[in-house]
Amino acid sequence: MKHEELDAALDSFGDALASATRVTPGNALRPEDIAVDGVAPSDEVAQYALTLGDDALILAQRLAHWISRAPELEEDVALGNIALDILGHARSFLTYAGLAWDKSEDDLAYWREEEEFTSLWIVEQPNGHFGVTIIRQLIVSIYQHLLYQKLATSQDETLAAIAAKAVKEVDYHRDHAIQWTIRLGQGTEESAQKMRHALEILWPYVDEMFRDEPVHQNLESIAVLPSSLKDAWQEEISAVLAEAGLEIPATGQAMAFGRRGEHSEHLGYLLAEMQVLARKHPGASW
Amino acid sequence: MAPTTPQEPGLSAVPSYEEEQSKARFDALIDQDSRVEPRDWMPEPYRKTLTRQVSQHAHSEIIGMQPEANWITRAPSLKRKSILMAKVQDEAGHGLYLYSAAETLGTSRDELNEQLLTGRAKYSSIFNYPARSWADMGAIGWLVDGAAIANQVPLCRASYGPYGRAMVRICKEESFHQRQGFEILLSLSRGTEVQKKMAQDAINRFYEPSLMMFGPPDDQSPNSQQSMAWNIKRFSNDELRQRFVGMIAEQVKVLGMTLPDPELHYDEEKKQWIHKDLNWDEFMAVIKGNGPVNSQRLERRREAHREGAWVREAASAYAAKQAQSEVA
Numbered sequence: 048m049k050h051e052e053l054d055a056a057l058d059s060f061g062d063a064l065a066s067a068t069r070v071t072p073g074n075a076l077r078p079e080d081i082a083v084d085g086v087a088p089s090d091e092v093a094q095y096a097l098t099l100g101d102d103a104l105i106l107a108q109r110l111a112h113w114i115s116r117a118p119e120l121e122e123d124v125a126l127g128n129i130a131l132d133i134l135g136h137a138r139s140f141l142t143y144a145g146l147a148w149d150k151s152e153d154d155l156a157y158w159r160e161e162e163e164f165t166s167l168w169i170v171e172q173p174n175g176h177f178g179v180t181i182i183r184q185l186i187v188s189i190y191q192h193l194l195y196q197k198l199a200t201s202q203d204e205t206l207a208a209i210a211a212k213a214v215k216e217v218d219y220h221r222d223h224a225i226q227w228t229i230r231l232g233q234g235t236e237e238s239a240q241k242m243r244h245a246l247e248i249l250w251p252y253v254d255e256m257f258r259d260e261p262v263h264q265n266l267e268s269i270a271v272l273p274s275s276l277k278d279a280w281q282e283e284i285s286a287v288l289a290e291a292g293l294e295i296p297a298t299g300q301a302m303a304f305g306r307r308g309e310h311s312e313h314l315g316y317l318l319a320e321m322q323v324l325a326r327k328h329p330g331a332s333w
Numbered sequence: 107m108a109p110t111t112p113q114e115p116g117l118s119a120v121p122s123y124e125e126e127q128s129k130a131r132f133d134a135l136i137d138q139d140s141r142v143e144p145r146d147w148m149p150e151p152y153r154k155t156l157t158r159q160v161s162q163h164a165h166s167e168i169i170g171m172q173p174e175a176n177w178i179t180r181a182p183s184l185k186r187k188s189i190l191m192a193k194v195q196d197e198a199g200h201g202l203y204l205y206s207a208a209e210t211l212g213t214s215r216d217e218l219n220e221q222l223l224t225g226r227a228k229y230s231s232i233f234n235y236p237a238r239s240w241a242d243m244g245a246i247g248w249l250v251d252g253a254a255i256a257n258q259v260p261l262c263r264a265s266y267g268p269y270g271r272a273m274v275r276i277c278k279e280e281s282f283h284q285r286q287g288f289e290i291l292l293s294l295s296r297g298t299e300v301q302k303k304m305a306q307d308a309i310n311r312f313y314e315p316s317l318m319m320f321g322p323p324d325d326q327s328p329n330s331q332q333s334m335a336w337n338i339k340r341f342s343n344d345e346l347r348q349r350f351v352g353m354i355a356e357q358v359k360v361l362g363m364t365l366p367d368p369e370l371h372y373d374e375e376k377k378q379w380i381h382k383d384l385n386w387d388e389f390m391a392v393i394k395g396n397g398p399v400n401s402q403r404l405e406r407r408r409e410a411h412r413e414g415a416w417v418r419e420a421a422s423a424y425a426a427k428q429a430q431s432e433v434a
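Residue numbers (the numbering used here), protein chains in the order written: chain A, 48 to 333; chain B, 107 to 434.
To be clear, the hints were calculated from the coordinates, so they are not data collected in a lab.
Worth double-checking, as some hints may not be accurate.
Claimed, not checked - Short, incomplete list of chain A residues facing chain B, as computed with Cβ under 10 Å: (1) Pro78; (2) Asp90; (3) Ala107; (4) Pro118; (5) Leu131; (6) Gln233.
Ideal placement from N, C-alpha and C gives every residue a C-beta, glycine not left out.
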């Protein structure tokens with residue numbers, strides 16, 4: 048079949064982008080554009096982009112599970128939207144990283160082994176009940192908001208462009224998590240109890256987010272030093288928890304080294320599910 | 107024509123002057139092919155028919171999220187994953203518009219949801235078939251959403267304003283859904299032997315159920331006449347089925363696949379498509395709750411409702427506290 052005929056056949060279905068949801072954002076940097084127009088980053092910059100992409104990918108995979116299971120329809124829509132935004136960030140970072148190694152976003156997402164993933168432990172933690180997901184979102188979205196704000200001024204233009212777009216979306220994710228934290232913290236005794244429990248089980252993975260690794264230290268004025276975000280993060284989350292009538296729990300901190308490829312027991316299952324179909328069909332296109 | 111309003115007990119059987127006037131206004135709106143709005147008087151059977159239809163439609167969107175959500179976490183590429191997420195999320199949005207339209211007819215969303223969870227309300231029976239393979243994401247988009255569009259485009263002109271307007275938004279997005287489904291099948295049809303087989307198998311399984319989405323043949327569909335008289339329905343079940351089968355018979359050629367129907371052909375004399383006899387016994391069995399995954403679909407909804415109860419309670423408690431502190 049000729050190209051024109053195929054285009055006509057596809058056009059008969061109408062607008063390719065008519066989803067109510069933003070599959071591809073207006074003028075922002077899309078993974079497809081990065082793949083075509085992007086300049087390949089150095090190996091070090093690619094390693095850094097990979098860490099950002101992995102955090103986003105694993106978190107999006109977790110959040111996507113909520114779609115069709117949320118406490119109310121509005122939350123199916125909201126969590127779906129958030130997951131979709133974050134998956135978009137993952138695709139951009141992974142596409143950019145892949146340019147350094149002649150790999151596509153899918154090569155990186157589907158064909159790496161567990162120990163090659165550089166994501167933080169907080170993002171691979173199970174969804175749990177809705178309150179656990181909200182606290183995980185609160186912790187991560189405040190962090191990403193601060194991170195992307197700084198990254199938007201990076202000397203690496205592609206990273207800066209991805210971050211500049213992402214920060215607007217993460218601002219909404221942060222607001223969503225804050226509103227729910229307050230609502231559930233102040234709601235009923237049961238909801239407050241569930242939120243305290245969520246904080247206790249997730250707080251041990253906080254310190255890892257702010258640990259500087261060689262991947263950051265070698266990229267002055269390109270990468271954001273995680274430790275530089277800690278004070279602002281602490282201040283912001285403390286204020287939210289105070290308003291919600293919740294407290295920072297007195298838990299210890301886990302020896303978590305996701306950036307080095309050492310993961311909790313949860314990631315293996317997540318990857319098994321995410322990668323199963325792609326790996327059954329090596330070389331196939333979809 | 108529109109039947110008269112059923113009389114409430116204790117009221118005179120003779121309609122009052124005001125009632126007659128209201129009915130005349132309603133009949134005139136229908137005659138002129140204008141829109142009936144929520145505040146307009148309408149006969150009870152019109153209200154009931156619409157409430158049933160709009161809420162069934164909403165339930166279908168919500169239950170219909172499940173077969174596709176089943177593949178989000180396993181989608182074979184990140185691009186497909188994001189498109190599928192957008193699609194399933196759109197469906198939740200469609201459910202929301204439709205519940206809002208149904209609420210304007212006087213039944214609350216909670217009540218409608220209760221009807222779904224207790225099995226009193228129906229939804230499109232096609233979602234009671236399992237989505238077994240990735241190719242089902244293609245077949246559901248192309249055939250199931252395709253049939254839905256054929257059904258829904260005329261509903262954009264439905265006489266009840268809020269329903270018609272909700273359908274305009276929904277139809278635009280549905281065409282994106284159908285297109286992404288077709289693209290999935292197109293990629294598979296150009297892929298490996300295993301991928302081609304996967305695509306053909308999905309088409310084989312969804313072909314007949316998608317033709318049955320238009321409802322029973324016209325001579326066995328007693329309610330259709332009334333819906334057409336009220337300008338809710340614009341074309342009969344068989345007319346819509348004809349249009350749809352003609353469309354997919356052409357599109358399947360682009361895929362280089364076949365429809366599992368050796369009898370399918372266009373009869374030049376009768377000017378209509380001839381397709382195989384559809385298995386209406388199976389259709390009725392699925393509607394009655396005996397499809398492969400009826401139980402699974404409803405239980406997933408109940409589970410989400412049950413496990414979300416504490417969240418909804420907390421949200422209302424918080425809202426009540428806020429309202430109180432604003433008063434104080």
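Going down the list of hints, with the structure as the test:
no., hint, in the structure
1, Pro78, "holds (8 Å)"
2, Asp90, "violated (22 Å)"
3, Ala107, "holds (8 Å)"
4, Pro118, "holds (3 Å)"
5, Leu131, "holds (5 Å)"
6, Gln233, "holds (5 Å)"
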